[in-house]
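Trainee: In order, the protein sequence lines correspond to chains A and B.
231 is the number that the working numbering gives to position 231 of the first sequence; each next residue is one higher, with no gaps.
407 is the number that the working numbering gives to position 109 of the second sequence; each next residue is one higher, with no gaps.
The hints are simulated quantities; they were obtained by calculation from the structure and are not laboratory data.
Please note that the accuracy of each hint is not assured.
So, partial list: chain A residues that the calculated Cβ filter (under 8 Å) puts toward chain B [stated by the list, open to error]: (1) ILE51; (2) GLY56; (3) ILE58; (4) GLU79; (5) LYS99; (6) PHE175.
Glycine included, each C-beta is placed from N, C-alpha and C at the ideal position.
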Amino acid sequence: MITLQNVSKVFNKTAAVDELSFDVPEGSVFGLLGPNGAGKTTTIRMIMNIIQPDNGAILIGGKPITADLYRNIGYLPEERGLYQKMKLKETIIYFGTLKGLSKRESAKQADRYLEQFDLKSYADRKIEELSKGNQQKVQFVIAIIHQPDLIILDEPFAGLDPVNQLVLKDMISEFQSAGKTIIFSTHQMEQIEKLCSTICMINNGKRVLYGKLKDIKQHYSNRKFQIRFDGNKEQIADIIENGWELYDTQLSGAIDRNTNINDILKKVMSKVAISHVDIIEPSLEQIFIDQVQGGIKR
Amino acid sequence: MRNIFVIARWEYITRIRSKWFIISTLIIPIVLAGFMFLPALLMESPGAEMKLIALIDGTHELSDRFEQIIYDRYQLKDGQPKYQVIVLRNHTVEKSIETASDLLDSMIIDAYVHIPADIMKENNVKYYSRYLGNYRDQDEVRSVINSILLERRVEDAGLDTQLVKQLTRRVNFEMIEIGRTGEKKQKSEIISYIIPIIFVLMLYFAIVMSSQVLLRSVLEERTNRLVEILLSSVSSTELMSGKILGLGFLGLTQLLFYMICGSLISAYKGLDILTSYHILYFLMYFVLGYMFFSGIFSAFGAIFTSEQDAQQAVSIISIISVLPLLMSSYVIVNPTATVTIILSHIPFITPFFMILLIGMDIPPTWHVISSSLVLIVSAVLSMFAAGKIFRTAILMYGKRPTLPEIIQWVKSS
Numbered sequence: 001m002i003t004l005q006n007v008s009k010v011f012n013k014t015a016a017v018d019e020l021s022f023d024v025p026e027g028s029v030f031g032l033l034g035p036n037g038a039g040k041t042t043t044i045r046m047i048m049n050i051i052q053p054d055n056g057a058i059l060i061g062g063k064p065i066t067a068d069l070y071r072n073i074g075y076l077p078e079e080r081g082l083y084q085k086m087k088l089k090e091t092i093i094y095f096g097t098l099k100g101l102s103k104r105e106s107a108k109q110a111d112r113y114l115e116q117f118d119l120k121s122y123a124d125r126k127i128e129e130l131s132k133g134n135q136q137k138v139q140f141v142i143a144i145i146h147q148p149d150l151i152i153l154d155e156p157f158a159g160l161d162p163v164n165q166l167v168l169k170d171m172i173s174e175f176q177s178a179g180k181t182i183i184f185s186t187h188q189m190e191q192i193e194k195l196c197s198t199i200c201m202i203n204n205g206k207r208v209l210y211g212k213l214k215d216i217k218q219h220y221s222n223r224k225f226q227i228r229f230d231g232n233k234e235q236i237a238d239i240i241e242n243g244w245e246l247y248d249t250q251l252s253g254a255i256d257r258n259t260n261i262n263d264i265l266k267k268v269m270s271k272v273a274i275s276h277v278d279i280i281e282p283s284l285e286q287i288f289i290d291q292v293q294g295g296i297k298r
Numbered sequence: 299m300r301n302i303f304v305i306a307r308w309e310y311i312t313r314i315r316s317k318w319f320i321i322s323t324l325i326i327p328i329v330l331a332g333f334m335f336l337p338a339l340l341m342e343s344p345g346a347e348m349k350l351i352a353l354i355d356g357t358h359e360l361s362d363r364f365e366q367i368i369y370d371r372y373q374l375k376d377g378q379p380k381y382q383v384i385v386l387r388n389h390t391v392e393k394s395i396e397t398a399s400d401l402l403d404s405m406i407i408d409a410y411v412h413i414p415a416d417i418m419k420e421n422n423v424k425y426y427s428r429y430l431g432n433y434r435d436q437d438e439v440r441s442v443i444n445s446i447l448l449e450r451r452v453e454d455a456g457l458d459t460q461l462v463k464q465l466t467r468r469v470n471f472e473m474i475e476i477g478r479t480g481e482k483k484q485k486s487e488i489i490s491y492i493i494p495i496i497f498v499l500m501l502y503f504a505i506v507m508s509s510q511v512l513l514r515s516v517l518e519e520r521t522n523r524l525v526e527i528l529l530s531s532v533s534s535t536e537l538m539s540g541k542i543l544g545l546g547f548l549g550l551t552q553l554l555f556y557m558i559c560g561s562l563i564s565a566y567k568g569l570d571i572l573t574s575y576h577i578l579y580f581l582m583y584f585v586l587g588y589m590f591f592s593g594i595f596s597a598f599g600a601i602f603t604s605e606q607d608a609q610q611a612v613s614i615i616s617i618i619s620v621l622p623l624l625m626s627s628y629v630i631v632n633p634t635a636t637v638t639i640i641l642s643h644i645p646f647i648t649p650f651f652m653i654l655l656i657g658m659d660i661p662p663t664w665h666v667i668s669s670s671l672v673l674i675v676s677a678v679l680s681m682f683a684a685g686k687i688f689r690t691a692i693l694m695y696g697k698r699p700t701l702p703e704i705i706q707w708v709k710s711s
C-alpha cells in the first residue's frame, strides 16, 4: 500500500529521518515505533505530504503521491487541537467537506460516528465544553469521517482513559476486518503487540527493526523455558547445557532460535516426569529497550 | 477551487455570527455617533443649571440694563433665566472685588465681572472665573456688555437707537460647498469636515479588522495544530486563499453595513453624503487595501507562534495605517499639498488617504490613478511574498525565523 524508499529529512543539519525504507502491506496494521524524537512524526508528516522529504521516494500503491490520493487517507496528528469555540457537529462536517464529501454525506457520517462514540448529546455544543477524552474522540472521528482505506494514527492512545482506549482498539479491529490499512505510531509496546502484524522500529531516524511481529519476536527471542518435574534431579544432570539452571524440581534456561523446545522436552521426559512447562517469550518492550539502549551504546 | 470555497465559507460563516464581530461592527457607528454628536449636543443645549454671576459696576449706571438684557436673552430650558446676577455695591470698588473673590473662592458664585468706571473711554472689562473652559458663558456675558455699551454710545452720539440696531444687525451666514460636478451642495461646515473622517474610519475598520481576524485565525490553527489536518486535506495555497477570501467578504459585509447606515443617514438628512461614486471608490480601495494588508497579516500569522508576539508587529502596522486619521485635519486643510500627495503614495496609507480626499471631492484623476497603481503593485507583491512565507513558515514551530531567512524564502521558488 505504502512504500518508503531511502527517505531522508534533515532539520538544521541533523537528520530527523535517515535513509528510511519500509513497506506497509495492504490490509495490515502497521506499527511505527520508537522513542520520543526518533523521527516517527516526521516520517508520518512526510507520508502525509505536509513536509517534503529531502531524499528518497514515498509511493502509494506503487505511484508517487498526488493530492487526490489524500482523499483516501485519514490522519490523526500527534499534537491535537480543535476549534474550541465552534460547535461539535459542524466542525466535523467542515473537515468532511474538506476531504471531498458533500455536505449531506458529511453530516450523515458525522451523525453515525457521534452515535457510535456516544457523543450525540454534544452535537450542538461548543467543543470547549467537551472533556479532553471526548475531544480526542472527535479528532478521531475527523480523521475517519471520509471512510479512507488508509488510516494513519500518530500516538492515538496517548491521553485516553482505559475505557476509551478499548473503544479505540475495537475501532481499529473493526477497520482491520473491513480490510483497511492502518499505520500507527506509538511508544506503548503493549498496544502494538496486541494490534500490529508488522512493525518498523526507528531510533535516531534510522530503522533498527522491521518485519512481521512474529518473526521479529522469534528472531530476537531469548526465549526462556521453565520445566517442573517429579523425580531426582541427578537423573537429568547429564543433559544440562551451559547457562541452564537445575534445582530440586525445576529446570530453566534460555533457548536460542536454532533449538527446538521439543528436543529438550524429549530428553527430560525420558528421565523424569514433567509436571509443568513454561515458555517465556520476550516482550516487545524488552526488545525495544534492548534496541534503543544498544543504539545509544553504539 | 472547491477547497478554497469550502474554507472561505467556513471562515465567513463562523466569524460573521460570532458575538465579537456583531458587537464590534455595531459599536463603531454608535461610538462614532457618540463622539461626533455628544459634544455638540452638550454645547448646543442650554445649560441645565442656573449660573450665579456677581457684577461690580464701577460706573453705577450699567447694572440695571445688564440684568435686564441678560435675563431677556438667555433662558434655561424651563424658561428660567440662565444667569442670576448679584450686583455688589460695597463702599469702594476694591472692597467689592474682595467680596466677589471670596464668593468665587467659596464657590457661591460661578464668575464675576468688573466693569470699571472708565469703561466708555478705556473699553476694558474683566471677567473672573474658576474655570475659563466654558467659553459659552464668557461669550454671552461679553455680548451683553457689548450691547449695553453700543446702546450707550449711540445715545451719547444722539443717534436713533432703533435705527442703529436695524443697521447693525448681523448677517445670516449660510455655507455652501461647490462639488466636483459644479452642483451646489448645502452643507454645514462641521459635516464637510466630519464626512471624510468617517469615510476613513469606515474603510480602516473594514480593512484592518478583517486582516486582524485573519491573523488570529492563522495563529489559532497554528497553535492548536489543526493546520496539520488542514494541510493533509488541502494545499497551503488553498488554505491561505480560502482564508483571505472568506475574511475579505467578512470585511466587505462590514463595509456594506456601514455604507447602508451612511445612505440611510444621507437620505434622512437630505444630504449627498454617500453617492454611488463614493461607493465605487470604497469598493476599489477596500479590495486593494485588503489584498495588501491581508498578505502581510497572513504572513505574520504564519511566522509568529503566539498572539502576543504577532500583536506587537501588527500594532506597528496599524499605527502606520492609522496615520491618515491622525493627519486628517492637516489633509482637510491642505488637500493638494505636496506632503499629502507624497504620503498618499505609501501603500500602507494610500487607501485611507485617497478615501479621505474622495470624501472631500478633491483628488484629480491622475492622483487617483498613480496612487492606485502603486497600491495594485504593492498588493500583488504582498500576496506573492505572503504565499511563499506562509507555505514555509506555517509548519515551523519553536524557532521564530529571522528576517534574512524570511527574505530567503521569498526569493527562493
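Trainee: Hint by hint, note whether the structure agrees.
Mentor: Now for the hints, and whether the structure bears them out:
1. ILE51: 6 Å, holds
2. GLY56: Hint violated; GLY56 of chain A Cβ to chain B Cβ min 19 Å, cut 8 Å.
3. ILE58: With a minimum Cβ separation of about 14 Å from chain B (threshold 8 Å), the hint on ILE58 of chain A is violated.
4. GLU79: This hint holds: GLU79 of chain A lies near chain B, its Cβ roughly 4 Å from the closest one there, short of 8 Å.
5. LYS99: With a closest approach of 5 Å, the LYS99 of chain A hint holds.
6. PHE175: 18 Å, violated
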